[in-house]
Each structure stands twice: as structure tokens, then as C-alpha cells.
Amino acid sequence: MSRVRDKTGMTHNSLSADLLEQLIKAATKASTTREAIAALTELNTAEAVVWLITNEATARAQCAPRDLAELLDVVVKAGLAGRAGTRAGDLAKLVARYADLAHADTLATVANSLPAVLRNEELVGAVHKTLEREPRHAGLLRVALDHALRKKEMFEAHRLLTRLGRADDSQATLHFIWRKRSVLKPTDRPPVRIALMSSFTIDPLVHYLDLECRAIELEPEIYVTPFNSWAQEIIAETSGLRKFNPEIAFLSVSIDDLVGDLGGLISGDQLEEAGEAAVDRILVAAKQFAEWSDAALVVHSLLSVHREPLGILADRGKPGRAAWLERLNARLADELQKLPRAYVLDMTDVLLRRKGGALDNPKMRHMAAMRLCGPVVGDVARAYTHYIAPIKGLTRKCVVLDLDNTLWGGIVGEDGPHGIRLGGTSPGSEYQEFQRYLLSLTDRGFLLALISKNNPDDALEVIRSHEGMILREDAFSALRINWRPKPENMIGIAEELNIGVDSLIFLDDNPHERELMRQVLPDVLTPDLPADPSLYKATVEALPQLQKLAITEEDRTRTQMYQAKRQREQTRVSAGSLEDYLKSLDITVTIGQVDEASLPRVHQLFQRTNQFNLTTRRYAIADLEAIAGDRGCRLYTLRARDRFGDHGLVATALVRSEADTWRVDSFLMSCRVIGYGVETALLATVGEDARAAGAEKLIGEYIETAKNAPARDFYSRHGFSDLGTEDGVTQWVASLTDANQTLPAWIRREVA
Amino acid sequence: MAPEDVVSRVFGVDRGRVTDATSNTTLAEWDSMGHVNLILELEATYGLSLSPDDTLTMTNVEAIKRVLQSRGAAW
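Top line first, the protein sequences correspond to chains A and B.
Going by the numbering used here, the residue at position 563 of the first sequence is 563; the numbering climbs one at a time, nothing skipped.
Going by the numbering used here, the residue at position 12 of the second sequence is 12; the numbering climbs one at a time, nothing skipped.
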């Protein structure tokens with residue numbers, strides 16, 4: 001092979017394409033990483049690194065991004081293995097250069113191999129960029145965290161630590177996060193003093209609880225009673241627990257720690273006596289606690305890790321362990337109820353709802369006397385926040401709901417009241433279950449309200465008369481069924497109900513609507529809804545902000561009270577913030593003419609679109625084929641995408657050109673993209689083409705239907721004048737000599 | 001992932017600071033709780049279950065590597 005010396009002074013292979021090909025082959029064809037590394041070492045990885053840095057354009061042009069990503073990964077591994085004579089700094093430069101296509105793992109591996117002080121701005125910049133693509137990459141989050149800590153950006157460090165805990169909830173990582181936090185300045189969020197009292201090692205729970213408290217925007221201070229001294233700490237007047245003076249305390253005593261022989265065959269009277277004695281000890285402690293503390297006390301219900309020693313014969317002849325535990329727990333609950341601020345945390349319930357992993361890890365139990373292990377500790381911490389949130393006044397007042405695909409499946413404006421999914425069987429039963437749960441919230445004093453982009457008549461028909469509907473009109477304290485931006489409606493609802501927007505929870509299946517709400521009204525709690533409606537109920541049930549400490553008579557009748565004073569008011573949200581949101585979406589539209597590939601989708605739009613459809617002319621596929629071949633016609637297609645993803649082909653327009661006039665015969669758009677201004681982009685394009693072809697005016701037609709109200713003001717909004725209505729067809733005209741249809745500022749246009 | 005990487009991640013110390021001699025007496029973060037977490041992470045990383053005896057001896061990186069190798073782990 002011939003070698004040349006370039007102006008950087010580096011020797012490298014002059015047959016660049018050959019080298020690249022060999023590298024790719026070595027990286028992608030080798031069956032194991034070791035093989036690939038061996039091959040690359042022979043090819044001289046150090047040179048490959050320099051070559052890839054100096055010949056970026058060639059590499060990108062000759063190589064598929066996926067192959068290049070593989071190659072980078074192997075080069076980095078070979079380089080870090082130390083066998084190839086590469087410098088860590090060069091590897092960092094290499095992955096930073098190709099950060100847009102490199103695997104996040106590759107970037108994280110390089111960055112983590114460098115001491116924090118040696119990571120330069122270029123590398124850290126690449127990490128932040130890649131985190132936008134992969135926001136839950138634990139390795140990259142650690143790099144970003146190191147950077148924030150080094151720059152003393154304390155608030156950012158807190159934020160990154162919380163994100164890291166969400167990305168990797170292993171016990172080790174949560175411990176790491178907690179240790180890092182302990183050296184940071186506390187945030188200015190409301191503090192909460194929490195005591196954990198336990199008969200076993202509960203330290204990991206501190207780390208998970210710290211994270212979960214921060215997730216509900218509190219600054220926790222957590223005290224743990226010394227090992228095996230929960231009872232003494234409660235009694236002794238000079239104990240650390242008393243000095244700490246908690247606002248809320250959690251008592252987790254394992255029955256296995258109080259009754260010695262549960263691993264064996266203890267049964268009958270012996271078991272009864274031991275069980276009663278154990279419950280007595282807990283109750284005595286709870287009463288003593290209540291004597292000196294005003295704090296809420298949450299007591300774990302009793303659980304045993306030991307299985308029934310009689311196996312399937314349990315409960316034959318004499319009561320088994322499960323029945324015994326049930327009785328003990330019933331007595332525990334009864335007695336605790338007599339204390340003013342004591343609650344039982346149902347551990348069976350916690351376990352029932354958890355995903356993955358085992359509660360009991362025998363090794364950790366023996367090694368560390370730890371009876372709560374692994375991911376379950378996170379579940380216990382989340383269960384704790386259901387007590388902490390209401391004590392700290394974080395309970396919200398009103399749940400504001402979307403309709404289509406939130407309370408029922410499908411879109412009533414498109415599918416019709418009989419086409420939506422809602423009923424006793426799936427698909428549809430998921431929504432019914434969700435509605436039943438929401439109705440139960442009104443019994444606990446929460447208000448429900450509606451914000452839906454729909455024709456009021458369509459939506460109300462379903463709410464009033466669909467047989468599958470659980471939530472009727474009287475369940476809602478306020479309704480906004482219109483086409484206005486949802487944040488604007490949200491403010492209206494807050495004013496109508498006379499509560500702050502920080503008392504509202506917004507539930508909508510559409511991620512765009514959620515993002516808009518978060519940007520315009522960050523004080524509204526807008527949780528993500530999962531794509532699967534069968535998980536809606538569990539998602540909302542998990543919100544600590546929907547817990548109350550008590551239910552009053554007023555709570556039970558609150559919905560009726562609001563019902564009586566329902567009134568409608570609209571408040572305008574500042575146009576500035578809406579446009580900012582639209583700008584932040586990075587909307588790009590691609591406008592072209594129909595072709596063979598897009599014809600089926602265009603036909604589907606003609607058949608199915610009801611709401612944003614100016615004339616609702618249902619052309620058959622043969623008609624559209626003929627139109628596509630007609631030189632006097634143009635059949636436009638518009639595809640839209642934004643930073644959340646691709647919407648696909650969402651709008652089409654049929655335009656007929658006549659001498660000096662272009663006539664818009666049909667203009668329709670999927671309701672998925674109503675409100676983003678893409679229709680304006682399409683109309684502007686039609687206008688420009690007409691002007692370029694020498695036309696002088698543009699005529700638009702509008703035929704009113706029962707469903708196309710959203711399109712009614714389309715032409716007047718764009719500066720057209722009404723020419724009058726004949727046979728149901730309204731004609732609108734605009735002169736093309738003055739350009740009055742322009743592209744919205746927030747939309748980028750590409751030509752297909 | 002090498003055992004040094006796991007130690008670096010669990011205790012949050014620079015990868016370059018972790019050597020064969022790194023032990024529970026040289027790293028402040030490697031306390032009893034940290035040791036439990038390290039064992040859990042080693043088990044998860046290499047897909048094996050370590051005996052209580054093993055965990056008692058694995059108090060420095062060199063010993064960790066020896067035990068892991070004897071259990072057939074590779075990196």
C-alpha cells in the first residue's frame with residue numbers, strides 16, 4: 001500500500017476508499033467484538049482514527065450511517081483496549097465529530113474513559129446533543145452531571161441526578177445519586193422532614209425516597225432510626241428521632257423479625273399467641289409515638305417472606321398462615337384507626353402493583369439484614385409519596401380531560417358517534433374502566449372538566465346518549481368543546497371554577513397538546529399518558545397529587561356545587577406564547593404533486609376527512625387517477641413532520657386552472673394537524689404557483705356540511721372575499737397581484 | 001464491561017483511579033452499603049450469583065477479578 005504525508009503531517013493510507021472498505025468489513029463482518037478488534041489492530045487503528053477525523057466528508061459519503069456507527073464503536077473499543085496506540089484525546093475528537101450518528105454507548109464509553117477534567121467542550125457538547133436523541137441514557141447523563149458539577153451548576157446537577165435516577169433505578173445508581181446530592185446545596189423547594197423506623201436495614205429506601213420526593217418538588221430531609229432500635233427511639237425522651245421531630249414517619253416492622261420461627265412449622269395456639277404479641281408491640285409503639293408527635297404515622301401492613309410450611313394443604317383443618325396474617329392485619333388496621341393521624345400502608349397492594357424483581361433477596365437478608373431489596377424499594381418510596389403529597393398540600397382539585405382517544409377510542413368527528421370504541425368489551429372496555437375510575441374521583445371531592453377540539457354537537461351527542469358512556473354531562477363542572485388552543489380553554493376553566501391553574505391536572509392522549517400545555521401553562525400538572533389505553537387508569541392512580549388525607553361531606557357534593565354555578569368565559573392566551581410554541585416544534589412541510597405511490601393515501605383522505613374539508617367531494621380512485629393525468633389540474637400533497645416525529649401525508653388540494661383563474665375544487669387536511677398552520681403553507685404554495693403560471697386570481701369553494709365547521713372561516717382568514725352562495729357552494733376570491741397568502745413564520749417548506 | 005468499569009460506576013470515581021489495588025480501605029465510598037451495591041451490580045453485569053464466601057473476599061479489585069474468573073466470567 002502506498003502511503004502519503006498530508007499537510008497535517010500525519011501519514012495515512014492514500015487509497016482512502018480501500019481503507020474505509022477494509023475498516024467497514026472488519027467492523028461489521030467479524031462475528032465478535034474481539035475478532036473485530038483484532039482485525040482493526042492489524043489495520044492500525046491509530047491511523048484509522050486520524051483518517052476518519054481528517055476525511056470526514058469522504059467517510060460520510062461512502063458509508064451508510066449505520067455502518068459508520070458500528071465502525072466507530074469497534075475503533076473506540078480497540079483504541080481503549082490499549083492495543084492500538086491511539087490517544088484517548090483523538091478518540092474523543094472522533095466521536096464528537098460523528099456524534100450525530102455514533103451510538104450513544106460509544107460516546108458514553110469514550111467520555112467515561114476520560115477523567116472529567118480532560119473532557120473538552122466539543123465532547124460535552126456532543127453528549128448534550130446526543131442526550132436530546134436519547135434522553136434516558138445513563139452513561140451520558142453521568143458525563144453531563146460531571147460537567148455540571150465541575151461548572152458548579154447546582155440546579156442543573158440536581159436536575160440531571162433526578163433524570164439519572166429515572167434512567168437507571170438500580171440500587172447502586174440510586175445510592176450514587178444520593179451521595180452526590182448530599183454535597184450539593186439544597187434546593188429552595190419546600191422541605192419535608194421524614195422519619196423511617198424499621199426492624200431491618202432500610203437504607204436503600206432513603207435513596208429511592210429522596211428521588212421520589214424531589215420528583216414531586218420537595219426537598220426531603222430523612223432520618224433513619226439506628227438498626228434494630230425503632231421501639232427504643234420511640235420511647236426514649238432523648239432519642240435522635242424525637243430531636244429530629246418528623247412531619248411524617250413510616251414504621252416498617254417485619255413480622256419475620258418479631259415472630260422467630262416463621263421459617264419453620266410454628267402453628268396453632270403458639271402461632272396465634274406470637275402473632276398477637278407482635279401486633280401488640282407495634283400498637284404500643286404507635287400509641288407512644290402519637291403521645292409526643294403530631295406527625296402522621298404510616299405503618300406497613302404485615303408480610304412474611306416465608307411460605308406456608310404445609311404447602312397446598314394450608315387451611316385444611318386449621319387456619320393457615322395467610323388467614324393468620326389477614327387477621328393480624330385487620331386488628332392492626334382497626335386499632336390504628338383509633339389514633340388521629342395513623343394510617344396503614346397495604347404492602348400486599350404495593351406488591352400487587354409492582355413490576356419485575358423480587359421483594360426478598362435472601363443473600364441481602366443474611367448479609368445486610370435487608371428485607372426490602374431491588375426495584376421494590378422504589379415502589380415503597382412511591383407509595384410513601386401518596387402520604388407525603390397530601391400532607392404537604394400538593395393535592396390538586398380538578399382533572400381536565402380530553403375526549404377523543406382519551407375518554408373513548410377513535411375520533412367522534414371522523415368515526416361518528418357509533419364508530420367510536422366505548423363499551424363493555426375490548427376495544428372500548430379500557431376507556432370504560434378509566435371513566436369509572438374518574439367518576440370515583442368525584443366522590444372523593446375532585447372536579448372533572450372537559451377540553452376537546454370537536455364540534456360541540458358531535459361530542460355532546462356521545463356524552464348525552466352513548467350507552468357506553470359512564471361520565472355524563474353532570475359529571476363535569478366545566479366544558480370547553482371548541483377549536484381554540486387548549487391552554488386558553490384551561491385558563492377559562494380555572495376562572496370559571498375560581499381555582500388556580502396550579503390546582504389543575506390535564507390528561508390528553510396527544511403528546512403535542514401536552515407539550516403545548518406544559519410550555520404555556522407549566523403550573524398545570526400534565527402527566528404523560530401511555531400509548532396503551534388499558535394503562536390510563538394505573539397511570540392516573542399513581543399520581544400522588546390525587547391523594548387526600550380525609551374525605552369531607554363537602555368533598556362528596558363538590559361537583560354538584562360547581563354544576564350549579566357553571567358559566568362560560570373565555571380568556572385569551574397571549575398570542576406570543578402560542579407562536580413561540582409553534583416555533584419550537586420545528587415544523588417542516590414537504591409539498592408536491594400526487595404520484596403513483598401517494599395516490600392511495602390521497603384517496604383515503606378524500607374518503608375519510610370530514611372536519612377540515614372545504615367541499616367534502618368524495619372522488620373515487622378512478623376519478624383521482626384521471627385528475628392526476630389531466631394537465632389542467634393539479635393535485636397537491638402535503639407531508640408534515642416536527643421534532644416529535646413524522647405526521648405523514650396529511651393534506652391535499654385539488655386545483656383546476658382556467659385561463660387567468662385558478663379554482664380550488666377541494667382542500668382537505670387531517671384533523672391530526674389542525675392548529676399548526678400547515679393549511680396556510682399549502683394555500684400559499686398554490687397561490688405562488690398560480691402567480692408563476694400567470695393567473696390573476698384564485699377562487700376557493702366552500703360547501704358547508706354538518707361536520708366541517710373547523711374549515712368554515714378558512715378563506716376569510718386568508719384574505720379572500722365572499723362572492724356569494726349558489727346551490728350550497730360559496731365562492732371566495734383573492735387577487736394574486738398582491739401577495740396575501742404567505743408561509744407562517746414557524747413553518748419550513750421543502751419542495752418534493 | 002471490565003470489573004474496573006463496574007467499580008468506577010458504582011462508586012462514581014474516575015475510571016483512571018481504579019486499579020487492582022483499589023479496595024474498601026482506599027475508597028471512602030466503598031463502605032458496607034457500597035459493598036452490597038457492588039455485589040448486586042457485579043451479579044447483574046456478569047449474570048452470575050456470588051456466594052456469601054465470595055462476597056467476603058471481594059474487597060479489592062484484584063480479588064474481585066480472581067473470583068469472577070474462577071466463576072467463568074469474561075470481559
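Accuracy of the hints is not assured; some may be wrong.
Below 16 angstroms or equal to it, Euclidean Cα-Cα: the simulated EDC-like pairs (lysine to aspartate or glutamate) are [what the hints assert, rightly or not]:
| # | chain 1 | residue 1 | chain 2 | residue 2 |
| --- | --- | --- | --- | --- |
| 1 | A | K93 | A | E153 |
| 2 | A | K93 | A | E121 |
| 3 | A | K180 | A | E153 |
| 4 | A | K185 | A | E134 |
| 5 | A | K363 | B | D53 |
| 6 | B | K65 | B | D53 |
| 7 | A | K363 | B | D14 |
| 8 | A | K583 | A | E658 |
| 9 | A | K363 | B | E41 |
| 10 | A | K397 | A | E513 |
| 11 | A | K180 | B | D14 |
| 12 | A | K363 | B | D54 |
| 13 | A | K180 | B | D53 |
| 14 | A | K129 | A | D100 |
| 15 | A | K697 | A | E658 |
| 16 | A | K707 | A | D415 |
| 17 | A | K548 | A | D443 |
| 18 | A | K151 | A | D188 |
Negatives, chain A to chain B, calculated, CB over 10 angstroms [unchecked claim]:
| # | residue |
| --- | --- |
| 19 | A116 |
| 20 | H175 |
| 21 | H366 |
With the C-beta cut set under 8 angstroms, the calculated list includes, among others, these residues of chain A facing chain B [claimed, not checked]:
| # | residue |
| --- | --- |
| 22 | S113 |
| 23 | M364 |
| 24 | M367 |
Source of the hints: derived by calculation from the structure; they are not laboratory data.
The beta carbon of each residue, even a glycine, is placed where N, CA and C say it ideally should be.
Results for each hint:
no., hint, verdict
1, A:K93 - A:E153, "violated, 25 angstroms"
2, A:K93 - A:E121, "holds, 10 angstroms"
3, A:K180 - A:E153, "holds, 13 angstroms"
4, A:K185 - A:E134, "violated, 28 angstroms"
5, A:K363 - B:D53, "holds, 11 angstroms"
6, B:K65 - B:D53, "holds, 15 angstroms"
7, A:K363 - B:D14, "violated, 29 angstroms"
8, A:K583 - A:E658, "violated, 37 angstroms"
9, A:K363 - B:E41, "holds, 14 angstroms"
10, A:K397 - A:E513, "violated, 21 angstroms"
11, A:K180 - B:D14, "holds, 14 angstroms"
12, A:K363 - B:D54, "holds, 12 angstroms"
13, A:K180 - B:D53, "violated, 31 angstroms"
14, A:K129 - A:D100, "holds, 8 angstroms"
15, A:K697 - A:E658, "holds, 10 angstroms"
16, A:K707 - A:D415, "holds, 11 angstroms"
17, A:K548 - A:D443, "holds, 12 angstroms"
18, A:K151 - A:D188, "violated, 20 angstroms"
19, A116, "violated, 7 angstroms"
20, H175, "violated, 5 angstroms"
21, H366, "violated, 7 angstroms"
22, S113, "holds, 6 angstroms"
23, M364, "holds, 6 angstroms"
24, M367, "holds, 6 angstroms"
Comparing the model with each numbered hint stated earlier shows that hints 1, 4, 7, 8, 10, 13, 18, 19, 20, 21 do not hold.
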